[in-house]
Amino acid sequence: MSKGKPSAEARPSRSLDGNEAAAYVAHNINEVIAIYPITPSSSMGEHADAWSAAGKRNIWGTVPLVVEMQSEGGASAAVHGALQTGSLTTTFTASQGLLLMIPSMFKIAGELTPTVFHVSARSVACQALSIFGDHSDVMAVRSTGFGLMASNSIQEIGDLALITQAASLEARVPFVHFFDGFRSSHEIQKVEMLTGDDMRAMIDDELVLAHRRRAMSPDRPVLRGTSQNPDVYFQGRETVNPYYLKCPEIVQKAMDKFAGIVGRQYRLFDYVGAPDAERVVVLMGSGAEAAHEAVEHLAGQGEKVGLIKVRLYRPFSGKHFVAALPETVKVVAALDRTKEPGSPGEPLHLDCVNAVTEAGRRIKVVGGRYGLSSKEFTPAMVKAALDNLTAPQPRSHFTVGIHDDVTKTSLDCDPSFSTEGKDVVRALFYGLGADGTVGANKNSIKIIGDETDNYVQGYFVYDSKRAGAVTVSHLRFGPRPIRSTYLLARASFIGCHQFVFLERQDVLAKAEEGAIFLLNTPYDPDQTWDKIPRSVQQQIIDKKLKFWAINAYDVAKETGMGQRINTIMQTCFFYLSGILPQAEAIAKIKEAIQKTYGHRGDKIVQMNYAAVDRSVAGLKEIQVPAEASSQIEKPPVVPTEAPDFVKEVTAKIIAREGDSIPVSKMPADGTWPSATTQWEKRNIALEIPVWDPQVCIQCGKCSITCPHATIRMKVYDPKLLEGAPPTFKHTQAKGKEFAGLAFTLQVAPEDCTGCGVCVDTCPAKNKAREAERENYKFFLQIPDYDRSRLKIDTVKGSQLLRPLFEYSGACAGCGETPYVKLVSQLFGDRAIIGNATGCSSIYGGNLPTTPYCVNADGRGPTWNNSLFEDCAEFSFGFRLTLDKQMEFARELLAGLKGGIGAELVEALLAADQSTEAGIAQQRARVAELKKKLGGIQDAKAGQLASLADVLVYKSVWAFGGDGWAYDIGYGGLDHVLASGRNVNILVLDTQVYSNTGGQCSKATPRAAVAKFAEGGKPLPKKDLGMLAMTYGNVYVAQVAMGASDVQCVRAFVEAESYPGPSLIIAYSNCIPAHGIDGRTGFRQQKLAVESGAWPLYRFDPRRIAEGKNPLQLDSKPPSIPVKDYAYNETRYTMLTKSKPEEAKRLIELAQQDVDSRWGLYQQLAAMNYGGDGGKG
Amino acid sequence: MDLTTKYMGLSLSNPVVAGASPLSKELDKVKALAEAGAGAIVMHSIFEEQLAQEALALNYYIEQGAESFAESLSHFPPMEAYKVGPELYLENIAAARKAADVPIIASLNGVSLGGWIDYAGKIQQAGADALELNIYLIPTNRKVSGTKIEKAYLDIVKAVRAAVSIPLAVKLSPFFSAPVNMARKLKAAGADALVLFNRFYQPDIDVEKLEVAPRLVLSDSDESRLPMRWIAILFGRVRLSLAATSGVHTGEDAAKLILAGADAVQVVSALLRDGIGQLTKIRDDMAELLAAKGYRSIRKARGVMSQKNCPEPAVFERANYIETLQSYPQSPAAV
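Protein sequences appear in the order of chains U and B. 699 is the number that this note's numbering gives to position 699 of the first sequence; each next residue is one higher, with no gaps. Add 10000 to the 1-based position in the second sequence for this note's numbering, that's all there is to it.
Don't read these hints as lab results, they were simulated from the structure. Each residue gets a CB set at the ideal place from its N, CA and C atoms; glycine is no exception. Among the clues, some could well be false.
[As the list claims (entries may be wrong)] Covered stretches of chain B, as calculated for chain U (at least 3 residues, CB under 8 Å):
| id | region |
| --- | --- |
| 1 | 10044-10055 |
| 2 | 10069-10080 |
| 3 | 10084-10097 |
Modelling step: build the complete structure from the supplied sequences, incorporating the hints.
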């Protein structure tokens, strides 16, 4: 890209991220937008929806219609339909979402329909899911006939979004316009905004009218979508050739037109570097920016190197590509940000080879892979790729950026190579999600971008855990455009917003000599030096850091800011960095506060102002002694007794050093050990609950509701107390079945998140970490009570079972995890779980450590997350295997009766496994069977030995949220319900897409606000339970543990025991998306039930045979108005504050929904099924 | 009978005023109150503290969990604006003003002096005909004397008086050592009327749950005797309009208060309990009673039984305890 004609009119500069840049143009030049949330593209749809809701018009003066669909498949089909009827239509997506669009994309392209899909390119789930960026999704749509256009920076995203649309209209070739997920979609840069005039000038209205003229209309009917046969299909397919052949020229023409209007000139292939380059790298996406920086630097030093940035990747114009290569080029490295296992090379590589060959140029082309899943891609790696080209036989099919010690593909890299200018200020901030650090840094970037001539860049790294999430902000600003599309390697400013981080990670690793270090300390700044770990002291001394500290908690407390120290630390940053004169900086921070919080009321603004005004006074420079004196050492990442794998792999990931793990240490097929959260002691609770044996009634409520399995109870022989730590608490077990036994309720102090749910749910209402750590350790080694002697369908009985799901990284106080934990307690030792993508798959399987664990026998849930949409069918597949294997095993048993012994075979075949005792007995029989089979020399015995375990009946579960069950996975779920097979489906119904940030689902209740329903959901919640009940042979239960834990436990036990499909719909409060106090989630469940918004019921088809009504209503008629429940939640109250009249109308309708639904349920439950005539 | 009355300079069609209550939150109820014949309508109170709390809570919950996890950097759609300040209240005033052809009196409870002034100004702008200051300071601080508390009341009234020109009523609690003296000071500070008295939500203890919670109990007619006494005493002693509130349930209750010296009587509990139509009945029964006693207008009836005018002024001042005992009907069986 080079500057062409200067722009005629001034365009405003703004600092914004890539998704907003794309959405801004898309919203301006489309009429219909059909969307579905998927990370990292979701915010494009959210922006578009918000703009339309606010009445923002497109360049033709009408407000685009934004519609959320049930899946990406649905979105693309709606786009197809809207295009076919003449609308300018778009969508936004990524990863598997784009893959779900493929069928429609073939159709859209086959029909030569102009459109541009904006894609924040993301890894496709293979051996694991990843939300981060690479090109594996866009590369998977190459064959659809869509054009592919790549943007490398935030400025380019807006520019090329427009250029692509203009070109698509003319070429009639549809396009995917893509940019790298997170690195570009979420990076903030200062850009020049396109004006309405720019967009109007670029889009030829005649082409828009032509598109409309081609639309389907009964006024001029045509037929599309014919079915063709061998005689003509082939010829029909070849008709599109002229369109594709002309397309590159049309795109270039649009680029030239754009240059004429706006001044920035793009080419299909942009060359950067030495005019006489011999070695050239070719790539596309954000990596090209880092490569640009590297090549400029190296060429400046006289190296004959260059870079080709591919912009138009499809249709690929070999002619233009070759023309862009200087005549002097001898060797080219094409770098792909994707992997195609088994291919002769990655796609871009092969395209380059082909282009050079067809052009007859004598250039060697090698290929390499980089940057999968947003793996860092730095100028040092570009240099490594270029250095490789100096070898007489340059390596091809290499990787760069990792250490591949298995197939030795990786190039060596010199990490000290840096192209960062001295004129760039680089600031790094470590904060907590909860303290608002990222928000404040986003404001800082915008202030600096808007108020100074500096170019700015902000990129934010988040945590893999939701509870106690750590954030790292990477900020750059300087006088030249910033192309550094990689994390800071050296920082001139480091802000540590939480003191505890000093012990947990190497906060100062990236500090350069003489950098400023700003620390938020809970101590008096003057006493802070002695409180920091010795290694940190040493770094401060060695690197000659200028060390400043403030007790921001004190300032926050004084000014009513609570935990949010963000504006305080932001003010200190501006003060210390001196980027703006102090008075001006403070004025600008206040302006930003007004902009960010103004609409939430003056109170909030004033509170923040006060925090700003009091910040600088609390800031103190710490005099750094010549020598480190602290006695505080950093603790080891994981305990020494952890397994080797945990020490060698997991610990590195925990310590944020996962980049250094070589390929050989990684599992080849995505198989990981379970039970690893126990090794990651996060210590994030500020307060932990304390058990009072005197008051405790041993009901188990605190244990069943604990979202993190950090409250455990055991009943045991008092003799086992020998050797207990002195503070270990115990009392006599209550209940005659436990006579003479001891009881202990123990908190896991280092795993507790301090959410407070237990305190809120404790009916007794009464409520020293070091000691508790020892106590917990002692507690864990006490043997679990014998499962087969417990009444597991009671709350207390279930809670004496060991949880096989523990210490997950879900939000503190999560409403989903208690149900997951309950399943793990009741059935975990024989459970196979398929998990739909969503919150439950993330806290269930996100590295570094995972919460599903094992009992003393080494048994525990086995778990897999396939996709978002396919969970019911995926889990159904488990059942098919188990049913088939069971059948086969039984056949083999019968056949081998002679060798095994009739008695054992009969017992195995006739086993009653309906109780824990029955299961234990069957396990013993299987063990005996295996022993016997060892002595039988028969291939069938070998077969049976490998299948013997299935003779113990396995519990198949499908877990997922409402987005899955009600929307994207509903078709599959419905089919599984109709199958009659024994699959247990648990819907963790948060009534909103929680994982992707609160988008409306069909489970969202009327009157609640969600993204895509900002005016309040206008229609009632879909009654999934009722739909399932209509089959008559499906066990259905609706539960809310906070309202009735007894009914909940009973429903889970019944569902599991039911020999057909079961559906449990579980009210799951979502703290951030419902906008509630984390402690009160269970109270809200109770109110939901009391109001009738969430009736409890069980529908058990087994009752029909007994002449009883299968439906039992387990909750009382509504006793409080819906609003008494709803208006404790921000999702409802925010509408009363923004659109009060509408809120009133909707809540009245919501009340009607509840009343009529209750009436209907009551009638159903009263129906006569023969037998005793009543409800039974 | 001429029912018109002057209340802090406002001309009312009759002295029965709908007092501050949740009824005025809904426009159709405001209309109904006017149609039922309310002489004026006092809007529900706007509480500065509550608005501040709501804003803080909204902000807290919108930010909760945001910018923490890469997949969900926010959980709610961005709203153009939230009406977390007095906006909704002001809109209600304007709407009520339009919908009902009776004087609309706003009611305000502030926290900070700045809040009182700011909100009062906005209320005037929104078109309120008058403003009732709902001041209550629960004096729990052992260092704060009664004089200081009185001063705080007066400071608020002075500040608001300086900020607005519409008539000002002050709704008082009954807990002043020297109510008459205080009334004169309030007059000097700029008040035009007193509303006697504020019925507080008194906290109650739930023995079962061991919880303390405020509990709203509707008034009964007996409660009107406290305002009755003080209105009777204040009548003619201060140049302030006097409104009675608490315990006005019947036409008789209203008539008594008029006779004691009230310019207006505020009705709340009766409307909440028996419906808005009750207002018409109270007005008509009051008129009938007073007419039966020969009064041709409210003006004539007003204050005839005040301390100043009644045959036995001492009854209002002292010996009530003894009088009550002496007048207690002796049961013949006990003799």
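Q. How does the coverage statement for the region 10069-10080 of chain B fare against chain U, requiring three or more residues with Cβ below 8 Å from a Cβ of that chain?
A. holds (count 12)
Q) How does the coverage statement for the region 10044-10055 of chain B fare against chain U, requiring three or more residues with Cβ below 8 Å from a Cβ of that chain? A) It holds: at least three residues are needed, and the region 10044-10055 of chain B offers 4 whose Cβ sits within less than 8 Å of chain U.
Q | Within 8 Å of chain U (C-beta), three or more residues of the region 10084-10097 of chain B | A | Contact hint for the region 10084-10097 of chain B vs chain U: holds, 3 residues under 8 Å.
Violation of the numbered hints given earlier is absent; every hint is satisfied by the structure.
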